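Trainee: Chains as they are written, first to last, in the numbering used here: chain G, 7 to 347; chain Y, 305 to 558.
In case anyone wonders, no lab produced these hints; they're calculated from the structure.
The structure presented is a predicted model; accordingly, all values stated were derived computationally and were not measured.
Be aware that a few hints might be false.
Label pairs and their in silico Cβ distance ranges [as the list claims (entries may be wrong)]: (1) G:K286 / Y:D549: 29 to 39 Å; (2) Y:E439 / G:F223: 28 to 38 Å; (3) G:K286 / Y:N417: 39 to 49 Å; (4) Y:H474 / G:L321: 50 to 60 Å; (5) Y:H373 / G:K130: 52 to 62 Å; (6) G:Y319 / Y:D447: 52 to 62 Å; (7) Y:P371 / G:S153: 56 to 66 Å; (8) Y:S313 / G:L330: 23 to 33 Å; (9) Y:K422 / G:L330: 39 to 49 Å; (10) G:F223 / Y:Q553: 28 to 38 Å; (11) Y:S313 / G:S153: 52 to 62 Å; (12) G:L19 / Y:M477: 53 to 63 Å; (13) Y:Y478 / G:K9: 39 to 49 Å.
The calculated PhoX-like cross-link candidates involving lysine-lysine, where the alpha carbons are at most 20 Å apart (straight line), are [said to hold, decoys possible]: (14) Y:K310 / Y:K362; (15) G:K286 / Y:K430; (16) Y:K527 / G:K9; (17) Y:K427 / G:K246; (18) Y:K480 / Y:K556; (19) G:K156 / G:K9; (20) Y:K464 / Y:K480; (21) Y:K362 / Y:K390; (22) Y:K378 / Y:K325; (23) G:K286 / Y:K440; (24) Y:K538 / Y:K527; (25) Y:K430 / Y:K362.
Glycine included, C-beta positions come from ideal geometry on N, C-alpha and C.
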Amino acid sequence: MRKEPKIILTIFLVLFVAVLFNVSLGSVSIPFKDILSSLFSGKSSQATWTYIILEYRLPKAITSIIVGSGLGISGLLMQTFFRNPLAGPYVLGLSSGAGLGVALLLMGSSLLGLGLSSAIWFSKTAIIAASSLGSILVMLAILITSSKIKDSMALLIIGLMFASLTGAVVNVLSYFSTSDELQQFVFWSLGSLGDLSWVEVCILAVFWGIGLALCLFLIKPLDALLIGESYAKSLGVNIKFLRYLTVIATCILTGSITAFAGPIAFVGLAIPHLMRLVIKTNQHLVMIPAVCFGGAFIMLICDSISQLPGSDYTLPINAVTSFLGAPVVIWLIMKSRQLNF
Amino acid sequence: MRLETKNISIGYSRPEVEIAKSVDIQIPSAGLIAVIGVNGSGKSTLIKSLSGVLPLQKGDIYLHDKPLHSFSPKTIAQELSLVLTKQPIPQNISVMDFVALGRQPYTNWLGINKHRDKSHIIKSLKQVDLYQLKEKPCIALSDGQLQKVLIARAIAQDTKIIILDEPTSHLDMYHKAMVLKLLKKISKEAHKSIVFATHEINLALQLCDSLILIKDQSVIQDKPKTLIESGVLKGLFPKDLIRFDEESQIFKMI
């Protein structure tokens, strides 16, 4: 079994190439030589190019890696935890909570008669704060319910109900809001990987690191949970501890990503399935790094495509992930005739 | 006694249902013990309660003369393993990976199997005669083979007590006999205490060292011979279709 170092090295090489590819694309075309020199020495033939690469494209590439791997891991955790192939990072209602927070900020402030100038309210930091607050509230609600409820399936349904509830409030808000406010909310809900400063990327990376570190303690109990809760219990797994840790890890990963990048669709649900079909195992010791890498890689590719190389336009990232990902997943499932779950 | 219950009540809470009360069961240090009773009498409930998956309503279970709840979950998992037949398992997990899960109580926090764990896994696969199928996905197995895989996982867990819930359901007559023979062999050769719920009363009477009979909320445990002599088996089922034939010592159709 001396294959592992080679595989890990290949993975990092592929990821590095994907980052280079991602950084070299954008509405301003920059020669590849200048991209390399600004990445490695911080200098290139034009100061604007260096600025674009180091302050805009590189943070965006790193955000892509964090978002793709974090959402993929959340999806994997939720699918194993609920033993349900349809589960994804948002089944606990976190994105709806974040959506409610942002909707209240963007559309509710004028409705509630907060006569403050809109510029303050619509700033990016305010959106991040509102989104985090919404996620945290839903997370607290879920933690309270999960301490009262023993059945995982009941928790799944309750998560969906939370989503429904918050969705209803958002609907009412959008009905009464102006078209400007509505457009802003729609833009937020389409997701965005760019526009994050280095400080924001670092904050996101800290949450991502905490979430992934928690996952390390979940590898073994989640393997046992694959064959059912009773079996897991008979193997010495502390189900209550497992439930709390899984919910907390998912909330930290998904909540922080949604706060900074909006509700990114599809990747969280699809990447675990893709990786299971490719590497044909269910063991979390292999699956967690595989999903991490797969999510990061696919997100980088999707972001590169959303730049529409050679044009001035960028597509919303949510449209690209689904437009590209859905056919790939359908094709893989048709090819192997069954879901590896 | 390896495992012992002292005047326990088993059942469910919310809604509160009492399945059986004043249950006194003794599982000695080696032997094959069957739990029998009609459908819905509480065999599965007793199995779940004995294995600690279902909380008791009253009383305590004693493992090596100490209350079960005084042990850590990990220690219990090293003393007592469980085989559930009605539980669905993932389609694509391989036989080897499934059996390997039995080593969890012994592995480190990442669950990596060391050399000793691997030899346990291989030994238990060989014991149920499935070593050549170790790479196959569980979904490709027949019901009889799958049952053996489930038992192999419990053997790999290396516990003194194995508790099984209906290991013979869905199997044909031959494979029922085969699984029970296998359990008998393990209990004898490895000195394990094996408790299993079953509907195969005829086979259990011939093979088991002791029987646990659940009827009308009460639980009786005795040797097969004593149970037959006491006549309690005659009243086990309604008398219109089958009866217990004392001469051949099996249940027969009327």
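Trainee: Look at each hint and say if it fits the structure.
Mentor: Cross-check of the supplied hints:
1. Hint check: K286 of chain G to D549 of chain Y, Cβ distance near 53 Å, so the stated range 29 to 39 Å is violated.
2. Restraint check, E439 of chain Y to F223 of chain G: a C-beta distance of roughly 30 Å satisfies the suggested window 28 to 38 Å.
3. As the Cβ distance of K286 of chain G to N417 of chain Y is approximately 19 Å, the hint placing it in 39 to 49 Å is violated.
4. In this structure the supplied range 50 to 60 Å holds for H474 of chain Y paired with L321 of chain G, their Cβ-Cβ distance being about 53 Å.
5. The beta-carbon spacing between H373 of chain Y and K130 of chain G, approximately 53 Å, falls within the hinted interval of 52 to 62 Å.
6. Distance hint check: the CB atoms of Y319 of chain G and D447 of chain Y are about 58 Å apart, consistent with the given range 52 to 62 Å.
7. P371 of chain Y and S153 of chain G have their C-beta atoms about 26 Å apart, which leaves the hinted 56 to 66 Å range violated.
8. Restraint check, S313 of chain Y to L330 of chain G: a C-beta distance of roughly 59 Å breaks the suggested window 23 to 33 Å.
9. For K422 of chain Y and L330 of chain G, the Cβ-Cβ distance of about 41 Å falls inside the hinted range of 39 to 49 Å, so the restraint holds.
10. At about 55 Å, the CB distance of F223 of chain G to Q553 of chain Y disagrees with the hint of 28 to 38 Å.
11. In this structure the supplied range 52 to 62 Å is violated for S313 of chain Y paired with S153 of chain G, their Cβ-Cβ distance being about 27 Å.
12. For the hinted restraint 53 to 63 Å between L19 of chain G and M477 of chain Y, the CB-CB distance of approximately 59 Å keeps it satisfied.
13. Between Y478 of chain Y and K9 of chain G the Cβ separation comes to about 43 Å, which falls inside the hinted range of 39 to 49 Å.
14. As the CA atoms of K310 of chain Y and K362 of chain Y are separated by approximately 10 Å, the hinted pair is consistent with the 20 Å bound.
15. A distance of roughly 25 Å separates the Cα atoms of K286 of chain G and K430 of chain Y; the hinted pair therefore is violated under the 20 Å criterion.
16. With a C-alpha separation of about 56 Å, the suggested pair K527 of chain Y and K9 of chain G falls outside the 20 Å cut-off, and the hint is violated.
17. Between K427 of chain Y and K246 of chain G the alpha-carbon distance is near 33 Å, which puts this suggested pair outside the 20 Å criterion.
18. In summary, the hint linking K480 of chain Y to K556 of chain Y is supported, as the alpha carbons are separated by about 18 Å, within the 20 Å threshold.
19. Taken as a hint, the K156 of chain G and K9 of chain G pair is broken in the structure, with Cα atoms around 42 Å apart against an allowance of 20 Å.
20. Our distance criterion of 20 Å between C-alpha atoms is broken by K464 of chain Y and K480 of chain Y, whose separation comes to about 23 Å.
21. Using a Cα cut-off of 20 Å, the hinted pair K362 of chain Y and K390 of chain Y is violated, with the two alpha carbons roughly 27 Å apart.
22. Taken as a hint, the K378 of chain Y and K325 of chain Y pair is broken in the structure, with Cα atoms around 28 Å apart against an allowance of 20 Å.
23. Using a Cα cut-off of 20 Å, the hinted pair K286 of chain G and K440 of chain Y holds, with the two alpha carbons roughly 12 Å apart.
24. Distance check on the hinted pair: K538 of chain Y and K527 of chain Y sit about 16 Å apart at the alpha-carbon level, within 20 Å; holds.
25. At roughly 41 Å between alpha-carbon atoms, K430 of chain Y and K362 of chain Y are farther apart than 20 Å, so this suggested pair is violated.
In this structure, the earlier hints numbered 1, 3, 7, 8, 10, 11, 15, 16, 17, 19, 20, 21, 22, 25 are contradicted, and the remaining ones agree with it.
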